[in-house]
Structure formats: structure tokens, C-alpha cells
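Colleague: Sequence:
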Amino acid sequence: MTTTALAAVAETEERAPSPRRRRAWQRTIHGSPWTAVGFAAPLVIYLIAFYAYPLMRSVDLSVHDYNVRAFVQGNAEFVGLQNYVDVITSNLFKPALWNTFVFVGLSIIFQYAIGLALAVFFRHNFRLSGVLRALFLVPWLLPLIVSASTWAWMMNSDSGVVNAFLVAVGADPINWLTSPEWSLTAVIIANIWLGIPFNLVILYSGLQNIPGDVYEAASLDGAGAWKTFWRVTFPLLRPVSAITILLGLVYTLKVVDIIWIMTKGGPANSSLILSVWSYREAFGTGQPAFSPASAIGNLLILIALVFGLFYVRLQSREEH
Numbered sequence: 001m002t003t004t005a006l007a008a009v010a011e012t013e014e015r016a017p018s019p020r021r022r023r024a025w026q027r028t029i030h031g032s033p034w035t036a037v038g039f040a041a042p043l044v045i046y047l048i049a050f051y052a053y054p055l056m057r058s059v060d061l062s063v064h065d066y067n068v069r070a071f072v073q074g075n076a077e078f079v080g081l082q083n084y085v086d087v088i089t090s091n092l093f094k095p096a097l098w099n100t101f102v103f104v105g106l107s108i109i110f111q112y113a114i115g116l117a118l119a120v121f122f123r124h125n126f127r128l129s130g131v132l133r134a135l136f137l138v139p140w141l142l143p144l145i146v147s148a149s150t151w152a153w154m155m156n157s158d159s160g161v162v163n164a165f166l167v168a169v170g171a172d173p174i175n176w177l178t179s180p181e182w183s184l185t186a187v188i189i190a191n192i193w194l195g196i197p198f199n200l201v202i203l204y205s206g207l208q209n210i211p212g213d214v215y216e217a218a219s220l221d222g223a224g225a226w227k228t229f230w231r232v233t234f235p236l237l238r239p240v241s242a243i244t245i246l247l248g249l250v251y252t253l254k255v256v257d258i259i260w261i262m263t264k265g266g267p268a269n270s271s272l273i274l275s276v277w278s279y280r281e282a283f284g285t286g287q288p289a290f291s292p293a294s295a296i297g298n299l300l301i302l303i304a305l306v307f308g309l310f311y312v313r314l315q316s317r318e319e320h
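Going by UniProt numbering, the sequence shown opens with residue 1, and the numbers climb by one from there.
You may find that some hints are simply not true.
[Said to hold, decoys possible] For lysine-lysine, the following DSBU-like pairs were computed, each having C-alpha atoms within a straight-line distance of at most 30 Å:
1) Lys227 with Lys94
2) Lys264 with Lys254
3) Lys94 with Lys254
[What the hints assert, rightly or not] Simulated restraints, written as ranges between beta carbons of each label pair:
4) Leu305 with Ser219: 41 to 51 Å
5) Ser90 with Phe121: 37 to 47 Å
6) Ile88 with Gly38: 42 to 52 Å
7) Ala49 with Pro180: 14 to 24 Å
It should be emphasised that the hints constitute simulated quantities derived from the structure, not laboratory data. Every residue, glycine too, gets a C-beta built ideally from N, C-alpha and C.
Please take these sequences and the hints and turn them into a complete structure.
Modeller: Laid out in C-alpha cells, this is it:
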């Protein structure tokens with residue numbers, strides 16, 4: 001080895017960091033525990049302020065006997081689980097629970113099915129496809145009070161366009177909003193219309209992530225449109241479908257404004273669901289019953305939590 005080479009090696013060894021320097025440098029790169037705390041602090045503060053504290057207050061409301069006077073004086077009586085017992089043993093609980101499952105179940109099924117059909121349709125680019133997709137987003141962009149009021153007008157028994165159409169085709173008009181047999185159907189139809197754009201957007205985004213080579217391979221194997229959808233599109237879209245259905249479930253469980261504007265849960269509580277019952281107990285009677293309303297809301301949280309845990313378990317099973 002020449003003298004120049006030996007000098008270069010010696011200079012390199014001098015510049016190389018010592019083990020102590022290397023450990024200090026690694027600690028600097030990985031950061032101190034306080035750095036991790038600093039990054040996590042905003043998230044923790046947000047979760048405490050907007051999730052943990054409201055949930056704690058909701059539980060506190062449900063185990064005390066709160067009314068307007070108790071809120072002012074701050075001396076609500078502790079009643080334990082009595083509010084939950086009163087809610088569950090109420091004559092309204094079973095009908096409201098059944099209406100909730102029917103409302104949520106049918107809404108999610110039709111929203112997902114129609115949204116998926118539209119997403120598959122728009123996957124094939126054609127002229128004006130972008131414009132049509134934008135038009136389908138209109139129900140999602142409108143204020144809910146406008147959408148609900150529009151559906152209430154459309155389903156009016158005397159002057160609604162829906163009954164006018166039925167009469168035009170030779171069918172009998174229907175008392176959509178004033179008949180106990182049809183009121184729940186009316187609000188379900190309105191809610192389906194409002195939820196289709198959300199399903200369309202999420203499922204369409206999921207379809208864009210499916211490689212085109214998969215469809216080319218299916219076409220070479222002679223698979224038709226239905227077989228391609230059932231054997232290729234639907235299985236590959238399963239993770240996106242699961243989160244879409246879960247989010248739709250959580251959103252639909254807490255729907256209040258649509259039903260309140262259209263029927264207020266009536267007539268004769270025929271369209272009453274748990275979320276509307278909770279709102280009516282707290283704000284809709286003129287005599288606020290905040291504690292029973294909070295108990296009903298907490299039951300809804302438990303229902304949503306059960307489905308959320310089911311989703312997490314399903315996802316973990318698929319990953320393993």
C-alpha cells in the first residue's frame with residue numbers, strides 16, 4: 001500500500017465517529033421521550049376535549065336526575081341506573097328499538113347496493129361521467145334541513161309530487177307522513193337518498209385502487225361482467241366495503257334531523273327511533289328530561305361500540 005493510500009485511510013479513521021459519538025447521534029435521531037410526548041399531546045388533548053369529557057358528562061347526566069332547576073342549582077339527585085331501567089321498561093323502548101334496526105338496516109343495505117352499482121357504472125369512463133358524478137354529490141352537499149324539508153313537501157298527501165306521480169300512473173295516493181303504516185318507509189327513502197353519495201364516493205375510490213391487470217386476466221379467462229364483479233371486484237373491494245358499512249352504520253344510528261323535520265317520530269310513534277326519542281326527551285316536549293335522554297344516547301353508543309368491536313375483530317381475523 002502506498003504512502004498516499006495509508007494517509008487516506010488514517011484520515012478516514014480520524015473522521016469516523018467514535019462509538020460514544022455514534023450512540024449520542026442515534027439518541028438525537030430517535031429523539032427523547034419528551035419529543036414523543038410533544039407530538040402526541042395535541043391528539044391526546046383533542047381526544048380528551050371532544051370524546052372523553054363529553055362521554056363522561058353524558059354518563060354523569062344519565063346517573064343523576066337532571067332537569068332545568070338542577071342545572072341551575074347544581075344539586076341533581078344521584079339515581080344510579082334508574083334512568084336506564086325507566087328507559088328499557090318504557091312502552092316506547094321496544095318499538096323504538098325495532099324501528100331503529102329497521103331504519104338502519106334498510107338504509108345501509110340500499111345505500112350500499114345503489115352506491116356500489118353507481119361506482120361500478122362510473123368506473124368505465126365515458127363522456128359526461130364527471131358531470132354525472134358531481135350531480136350525484138348534490139344530496140350530500142345540501143344542508144340536511146333543506147333536504148328533509150324538500151322530501152316532506154314531495155311526500156305531502158295533498159300536493160306532493162310523489163302522490164301526483166302515483167295518480168298519473170293509475171295508483172292510489174299514499175299518506176306518506178300521516179299514516180303509521182307508511183311514515184317509517186317515507187323517512188327511510190329520504191335517508192337512502194341522502195346516503196347514496198357517501199357510498200358512491202368511498203366505493204368509487206376503492207375501485208380505482210384495483211389494478212386493471214386483474215380485469216384483463218379475468219377477460220382472457222372468459223369471465224363475463226357478472227362473474228368478473230362477483231369473483232374479482234367484490235372480493236377485492238371487501239376492506240373498503242367494511243369501513244363504508246361501519247361508517248354508514250354509525251352515521252345512521254344518530255340520524256335525528258331528517259325524521260324530526262319530516263314526521264317528528266310520529267304519527268303514533270310509528271317512525272320513532274332511539275336517537276329521535278333521545279332528542280325529543282331533551283328538547284322536543286317543552287319539559288326537558290335530560291337524564292333519560294342521556295341514557296338513551298348512551299345505549300346508542302353501546303350499540304355502535306358493539307358493531308365497532310365486531311369490525312375490529314373481523315379485520316384482525318382477515319389480517320392473520
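Colleague: Under the criterion that the straight-line Cα-Cα distance not exceed 30 Å, is the pair lysine 227, lysine 94 satisfied?
Modeller: Given that 30 Å is the threshold and the Cα spacing comes to 42 Å, the pair is violated.
Colleague: Is the Cα-Cα distance between lysine 94 and lysine 254 30 Å or less?
Modeller: holds (17 Å)
Colleague: Is 42 to 52 Å respected by the C-beta to C-beta distance linking isoleucine 88 and glycine 38?
Modeller: For isoleucine 88 and glycine 38 the Cβ distance comes to about 46 Å; the hint holds.
Colleague: Is 14 to 24 Å respected by the C-beta to C-beta distance linking alanine 49 and proline 180?
Modeller: Since the Cβ atoms of alanine 49 and proline 180 sit about 43 Å apart, the hinted range of 14 to 24 Å is violated.
Colleague: Return holds or violated for the Cβ distance of leucine 305 and serine 219 against the range 41 to 51 Å.
Modeller: Given about 44 Å between the Cβ atoms, the range holds.
Colleague: Would the hint linking lysine 264 and lysine 254 be met if the CA-CA limit is 30 Å?
Modeller: holds (15 Å)
Colleague: Does the Cβ pair serine 90, phenylalanine 121 satisfy 37 to 47 Å?
Modeller: For phenylalanine 121 against serine 90, whose Cβ atoms are near 45 Å apart, the range 37 to 47 Å holds.
The structure fails to meet hints 1, 7 from the earlier list, while all remaining hints are met.
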